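Just so you know, the protein sequences line up as chains B and L, in that order. Quick note, in this note's numbering, the first sequence goes up one by one and the last residue is 1019. Quick note, in this note's numbering, the second sequence goes up one by one and the last residue is 383.
Check before you lean on any hint, since a few could be wrong.
[What the hints assert, rightly or not] Below, a list of computed lysine-lysine pairs in the DSSO-like style, where the Cα atoms sit at most 30 Å apart:
1. L/K87 to L/K65
2. L/K275 to B/K938
3. B/K1015 to B/K1003
4. B/K996 to B/K938
5. L/K305 to B/K938
6. B/K938 to B/K998
7. L/K305 to L/K365
8. B/K996 to B/K946
9. L/K365 to L/K87
10. L/K103 to L/K65
11. B/K1015 to L/K38
12. L/K365 to B/K946
13. B/K946 to B/K1003
14. B/K996 to L/K365
15. B/K998 to L/K365
Honestly, the hints are just simulated from the structure, not real lab data. This structure is a prediction, so every number in the text was calculated from the model and none was measured.
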Amino acid sequence: MTTYYSEDHEWITVDGDTATIGITAHAADQLGEVVFIELKDAEDEFEKGDEIGVIESVKAASEIYAPVDCEIIEANNMLEGAPGSMNEFAETDAWIYKIKISDAKQLEDLLDEEGYKAFIG
Amino acid sequence: MSDTESTAPRRTPLYDLHVELGGKMVDFAGWEMPVQYSAGIMAEHAQCREKAAVFDVSHMGQVELRGEGAARKLESIVPASIEPLAEGKARYTFFTNPEGGIMDDLIVSNAGDHLFLVVNASMRDQDIGHMRANLDGVDIVELTDRALVAVQGPKAVDVVGALCPDAIEMKFMETIVADVMGASCRISRLGYTGEDGYEISIPDEHAVAITRAFLAHEDCDVAGLGARDSLRLEAGLCLYGNDIDNDTSPIEAQLNWAIQKRRREEGGFPGADRILRELADGPSRKLVGIKPQGRAPARQGVEIQDTDGNTLGHITSGGFGPTVQGPVSMGYVAVNHANVGEVVNLIVRGKALPAEIIALPFVQQNYKR
């Protein structure tokens, strides 16, 4: 399994043609305390860059974008009842979607861990 | 009016202390202010509701008005009764424009030989210019060498009282000058959180030491502008620029209580035509509390519709209420839909989310009457 990162502060851990995605701990920290998450439904299909959900913190609302063309297999419904878990477990239990990747070539446009660390400085 | 406008944000005397305490600094109305500290907005909010929190509000404008008849002259540009205000008392009011809108809201205190005003940070230049243009023979002095620190919460009386026993017996909307750690401070028992508390005007050079002394109290911790906003929203207090502005009248904003009897009878302030007419006949829209029934916050700008899809107005302030443990909003709705208990829809990201009109505040105010 390989983990990639987007410049929209999402992580995507790829396992074959499926992947798990979420937001980075850095992004969660910048957002502040998360109080509400709006998710799309399983089987919805999206193109890279489409809005696929919204995270509301005490401070503001922020969109989640599809890092690659994909179909949602499963949304993490735990987040709707416990949005605050996003602040503690952004890169583990607070994953957002499991997806089926439509175009694996797009992964090449994403950052690796080192690249993301450099990106956020 | 003002000299060359500087674009670099200004810093209060407490800037270094904010950074030391982990403050996340943001530009707010031209000032570099802490939006939150490491504890986060939720914890800072709870700190204020349950114990005591210190806020730096030094970005607000502090102004003295001196001269014969200053109170009477001020009445020509605000609709509150100022002349009869007893020495040591403070009162909430607003500058109104000729159309009956609100130019800014402020606190006026009778400080004995002068009036002491606190105005919003973003409006201080406008307000001072407005007063200079309209208050003939009144000496208008902006205090640029004083910090303003708010200590708010049910334990604020212990925190401030430990350093200044004279503050303990004060009541809501009273103001005194008292010694705090060797500095002459103006202490006013009021605030912007819905809780008991004080705002303390401190000479710049003493601001850090006194703030540190407040923070040394076991029940006291620091809080930023983020918590200040969620606290005032839950308390149903208007934010200038969001809930009140040049287009909203004080009657629409449900601030009738701030216009005393004599001023209602005599008028004599800008926009009196509209304001007195709305007092008599009722406004066409009014500011109400709105409680979303789901979990999604409805923020400023969200459209409010009736259940048939007709536009009723817009949200002016909204977010998550940490004490309420859910979303809270305020907004203007047409008066025939402003009834407590009425269900409306909030259009959030294209979806109609049901919400209920409620009586403000969301959290009961807890003042020392």
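Here is how each hint holds up against the structure:
1. Distance restraint check for L/K87 and L/K65: the Cα-Cα separation of roughly 41 Å exceeds the 30 Å cut-off, and the hinted pair is therefore not satisfied.
2. Proximity of L/K275 to B/K938 is assessed by CA-CA distance (about 55 Å); at most 30 Å being required, the pair is judged violated.
3. At roughly 22 Å between alpha-carbon atoms, B/K1015 and B/K1003 fall within 30 Å of each other, so this suggested pair holds.
4. A threshold of 30 Å between alpha carbons decides the hint, and for B/K996 with B/K938 the separation of about 12 Å falls inside it, so the pair holds.
5. Distance restraint check for L/K305 and B/K938: the Cα-Cα separation of roughly 24 Å lies within the 30 Å cut-off, and the hinted pair is therefore satisfied.
6. Proximity of B/K938 to B/K998 is assessed by CA-CA distance (about 14 Å); at most 30 Å being required, the pair is judged to hold.
7. For the given pair, L/K305 sits about 16 Å from L/K365 by alpha-carbon distance, which is consistent with the 30 Å threshold.
8. Proximity of B/K996 to B/K946 is assessed by CA-CA distance (about 15 Å); at most 30 Å being required, the pair is judged to hold.
9. With a C-alpha separation of about 51 Å, the suggested pairing of L/K365 with L/K87 is violated against the 30 Å cut-off.
10. Proposed proximity of L/K103 and L/K65 is supported: the alpha carbons are some 26 Å apart, at most 30 Å.
11. Of the supplied pair hints, the one linking B/K1015 and L/K38 holds, its CA atoms being roughly 21 Å apart against a limit of 30 Å.
12. Between L/K365 and B/K946 the alpha-carbon distance is near 23 Å, which keeps this suggested pair within the 30 Å criterion.
13. Of the pairs offered as hints, the one joining B/K946 and B/K1003 holds, with about 12 Å between alpha carbons and a cut-off of 30 Å not exceeded.
14. A hinted pair counts as satisfied when its Cα atoms are at most 30 Å apart, and B/K996 with L/K365 qualifies at roughly 25 Å.
15. A threshold of 30 Å between alpha carbons decides the hint, and for B/K998 with L/K365 the separation of about 27 Å falls inside it, so the pair holds.
Going down the numbered hints, you'll see the structure goes against 1, 2, 9, while the others check out.
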